[in-house]
Structure formats: C-alpha cells, structure tokens
Amino acid sequence: GQNIDQPTEMTATEGAIVQINCTYQTSGFNGLFWYQQHAGEAPTFLSYNVLDGLEEKGRFSSFLSRSKGYSYLLLKELQMKDSASYLCAVSSRSGGYNKLIFGAGTRLAVHP
Amino acid sequence: DGGITQSPKYLFRKEGQNVTLSCEQNLNHDAMYWYRQDPGQGLRLIYYSQIVNDFQKGDIAEGYSVSREKKESFPLTVTSAQKNPTAFYLCASRGAILNTEAFFGQGTRLTVV
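Sequence order for the protein chains is C and H.
Each residue of the first sequence is one higher than the last, beginning at 2 in the numbering used here.
Each residue of the second sequence is one higher than the last, beginning at 739 in the numbering used here.
These are computed hints drawn from the structure, not numbers from a lab.
In this text, a Cβ means the ideal position worked out from N, Cα and C, and glycines have one as well.
Certain hints may be false.
To be clear about the criterion: a stretch of chain C counts as covered by chain H if any three or more of its residues have a C-beta under 8 Å from a C-beta of chain H, and this derived list gives those stretches [said to hold, decoys possible]:
(1) 70 to 76
(2) 97 to 107
Computed Cβ-Cβ distance ranges for the label pairs, DEER-style [to be verified]:
(3) H:Asn766 with C:Glu78: 30 to 40 Å
(4) H:Thr817 with C:Lys77: 38 to 48 Å
(5) H:Asn837 with C:Arg60: 13 to 23 Å
(6) H:Glu800 with C:Thr14: 41 to 51 Å
(7) C:Thr14 with H:Gly754: 47 to 57 Å
(8) C:Val51 with H:Asn756: 38 to 48 Å
(9) C:Gly41 with H:Asn756: 19 to 29 Å
(10) C:Thr9 with H:Ile798: 15 to 25 Å
(11) C:Lys77 with H:Thr838: 21 to 31 Å
This is chain C alone, in the form it adopts within the complex (with noise of 0.2 Å):
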C-alpha cells in the first residue's frame, strides 16, 4: 500500500522561512506534487518533483529524495496570505494504472 506523513500543524512568523517535511512510502513512483489549500476552497498547484534534487518556484521550493522517500517544501518570506493547509501527494503507477494519492495535510499559520 501507500503511506505518506507530513506533520500535522506548524507556526511561523511573517518574513520568516518554514520547511514542510513529507515521507511516503509507495511502489511505482512516478512524483510528488505540492499543493496549497485554504480553508475551504480547492488546492492549487505548487510544484513538481520526479528526479531527486532541488525544484525552486519563486518563493517556494520544493526537495526530493527517492532513495529516503522524503521530499519538503521550502517557503521564503512567509505572507499573512500563506497561512493554509499544505497537502504532499504521491502519484504511482500499479497495474496500469495512475493513482493520486494525498497526505493528510500540514495546516501553517503565520504571525506577524
């Protein structure tokens, strides 16, 4: 099966940088996304990572380890706005076929 742990909540303070960690373990991996979700809205898409190494998007990068199974995202000077739930997920082929699989989310709340 599929397994994927990120923590549950984290705090930061504006203008600060925060590290979103992501384990999973899964057979057929083919990558890992990013999302952002506020509360009650659709996530959105972050980032992208299926080779081992560093993905930078502006103030967002993300990290990912194959051989650890780990992956994080990086967020630099942290916004009021960038208080939302984080969601890694994991997509894997098996059989055929290409399943999505998401953690549970890491809920970020920025202070100023």
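On the provided structure of chain C, position chain H as indicated by the hints.
Here is chain H on its own, set in the frame of chain C:
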C-alpha cells in the same frame, strides 16, 4: 475558458437518499479522480478513471459509485450505503503526461440530514 466544474457547490439531502455529484472538464484530460475531505483532514481517494468506460476503486470506495461514459464527465453517486456521507467532495482531472499536475474543481459540500 478551460477548466473543471463541479456542481452544485452546496447540496443537502435526507438520510437514505442517493445523490449524484457532477464533475465536468473541458481540458481534454484522460484521468479523473474523486476525493473526499473531512474537516481538518487530507484528501482520500474514492474512485479514479484513466479512460472512458473504465474506472478503479480508491481507498474508500464503499458506498459510492461512478461512471465514465464520456471523457469530459465523471459523476459520483453517494448511495444510502455510505454511512457518513456528509463531507467536502473534490473532483480532479489530469493529463496523460505524468509530470502534469491535477486540476481541481471548486468542490461540492454535501450535508446529509
């Protein structure tokens, strides 16, 4: 504009009634997914489909049914067999190329009374 549409945004039903949630996309995506989200929780996979007339059970398929008669449409029926149907339901679609992200509809908040 291309996108994925779920309707309605809010839905109320009496206990024991079946209800069908709509999901339509005009992104020409092959894969479509249904997720359930409970308050403070992540997304749990109900059903997914990669091509027309084919779909697979996700982790929590009991009490739900789907169909995929057209590429654009993937309706979800919440049956009376689903013990706790009140939740936020999200539909997503994704292209055939795996490094593309899944796009989500706005969600349907179902309340069963």
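These are the hints, each one checked on the structure:
no. : hint                              : verdict
1   : 70 to 76                          : violated (count 0)
2   : 97 to 107                         : holds (count 9)
3   : H:Asn766 with C:Glu78: 30 to 40 Å : holds (37 Å)
4   : H:Thr817 with C:Lys77: 38 to 48 Å : holds (46 Å)
5   : H:Asn837 with C:Arg60: 13 to 23 Å : holds (22 Å)
6   : H:Glu800 with C:Thr14: 41 to 51 Å : holds (44 Å)
7   : C:Thr14 with H:Gly754: 47 to 57 Å : holds (50 Å)
8   : C:Val51 with H:Asn756: 38 to 48 Å : holds (40 Å)
9   : C:Gly41 with H:Asn756: 19 to 29 Å : holds (25 Å)
10  : C:Thr9 with H:Ile798: 15 to 25 Å  : holds (20 Å)
11  : C:Lys77 with H:Thr838: 21 to 31 Å : holds (26 Å)
Of the numbered hints stated above, the single one contradicted by the structure is hint 1.
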